[in-house]
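Chains as they are written, first to last, in the working numbering: chain A, 22 to 268; chain B, 1103 to 1393.
Zero decoy hints are in this set.
20 Å max Cα-Cα, derived DMTMM-like pairs, lysine to aspartate or glutamate:
1) 1392(B) x 86(A)
2) 31(A) x 216(A)
3) 1232(B) x 220(A)
4) 1168(B) x 135(A)
Computed, partial: chain A to chain B, Cβ under 7 Å:
5) 24
6) 86
7) 113
8) 118
9) 137
10) 144
11) 149
12) 152
Which bits of chain A does chain B cover? Going by a derived footprint, with three or more residues having C-beta under 8 Å, they are:
13) 76–84
14) 91–100
15) 153–159
In short, the hints are calculated from the structure, not lab data. Only a predicted model underlies this, so the values are computations on that prediction, with no experimental measurement involved. Glycine residues also receive a C-beta, built at the ideal position from the N, C-alpha and C atoms.
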Amino acid sequence: MTSLPTHTEKKLGLVIDLDICVGCHACVTACKGWNTQNYGAPLADQDAYGADPVGSFLNRIHSYEVQPEKGPAQLVHFPKSCLHCDDAPCVTVCPTGASYKRVEDGIVLVNEDDCIGCGLCAWACPYGAREMDPVEKVMKKCTLCVDRIYNENLPEEDREPACVRTCPTGARAFGDLSDPESAVSKQVAARGGMDLMPEQGTKPVNKYLPPRPRDEPLDVLGPLLANVAEEPKGFLGWLDKTLEKLG
Amino acid sequence: MHPAVSIILFTTLSGLGFGLLAFLGLGYPNVEGFTAFVFFALGFALAGGGLISSTFHLGHPERALKAFTQWRSSWLSREAWFAAITMVVMGIYAFALVILGIRLIPLGILGAVLCVGTIFTTSMIYTQMKTVPRWHHWSTPILFFAYAIAGGALLAGQTTLAPMLILALAAFQLWAWQSGDARFRTSGTTLATATGLGNRGDVRSFEPPHTGGNYLTREMVHVVARKHAMKLRIIGIVLFAMIPWVILFVLPFSHILAAIAVLSHLAGALVSRWLFFAEAEHVVGLYYGKR
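With these hints in hand, go ahead and build the complete structure from the sequences.
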């Protein structure tokens, strides 16, 4: 049923720390690997070694430059995957019931056997979280590694999404965001976790922790040193003044 | 948005077809026998052909019947129901009229209402997309309705009504283009809200996730047609409005000229429907620095 549940028992999701992500793309590779070898249709590539390679990914890393009013620009690496929204517009547009949000944990999934590959859900998603598989022609999206997190065949430390498990800096955390006592909820509260495009009204479960403010540049020796850039003298000084006069 | 040929054909042809069927259901023109057969055949061919062409863009058309299941939440599913019921009702009406020679007036009126309902559900598939500010507006259903009714009147040979409807359509389309141009800017969604970093400074895309394209950039970040948007708007309006209007209103009536007017309108409607998709900007383009 593509109507959204009024309430989910848990809100499993990710918290992504923009302060410490170094943009290494390890989570992209881990995600592609796990989701190619496990649940559902493999994440296909086309022309992988040719001139125009293209493929489906469930997680992609953008990089943005933020130029504050004062001080140097800051580079922010920005992982983006499905935010498992409470008001997921991708679910309600689905004509076949292939897209659904689970009542027990809030994960948004696609039943690939019911997907007709119309692409409407990808249009409805403001975040670009859904991609049509170029080979299987069904809609692919982040499953929050539903086949890892409950998988008792895996060692306990591996029962979290592949992207979280692989992140070398700990920039990604997984947990229940409906429980205020969970580690992820506490992190969100402490660091001012935010929603992406809140004006779209999707109520994302995943939160992003903003980069911490940078220290003021501390210049210890600078003020004590002699000024390097001197006024030009001699011929250059004359040239400088003359050119200034010319306007 | 990527202007998929099958979707442009589907929305334009089925819109025209349901427009014509609506006029036939109301008894304009009041035809019977073989003439009625030709009119209904054209209406069903356009409406049905459009619907069939819509399945060509599906990844799995063999599962298309599943699209009837989610009418409670999905406009696409509702459209499937409306289209199917309308075809059945108009089919019975046409059968009674052409074969039995009986005009079932209430059924015809019901069919006309259902035709309008089908056009409305089609338009709502696009109107509901909050991610595409140009579409997410009350003018989208009216625009689809205006194309269907003006084109339907033209096909139904309503020589007094059609020129007026075509002028109204042209005026509304011009306004819709004009007002739609500003809608992305005024929607409030920017790279600042998309990244949540706007309160720290100016945000710009420094590096995309990969050097090539992907499904999202192909499907949602289409930019080619926008280069020629103004020229295409002029071509569209000349074809779908000015030429048919001159033929109907100024020139003496002839069947050949009427056929030219219909074909010109169809070509113009296709150009404008192409622009409807090609000019629509999806907010995901912000993440790729393309807005």
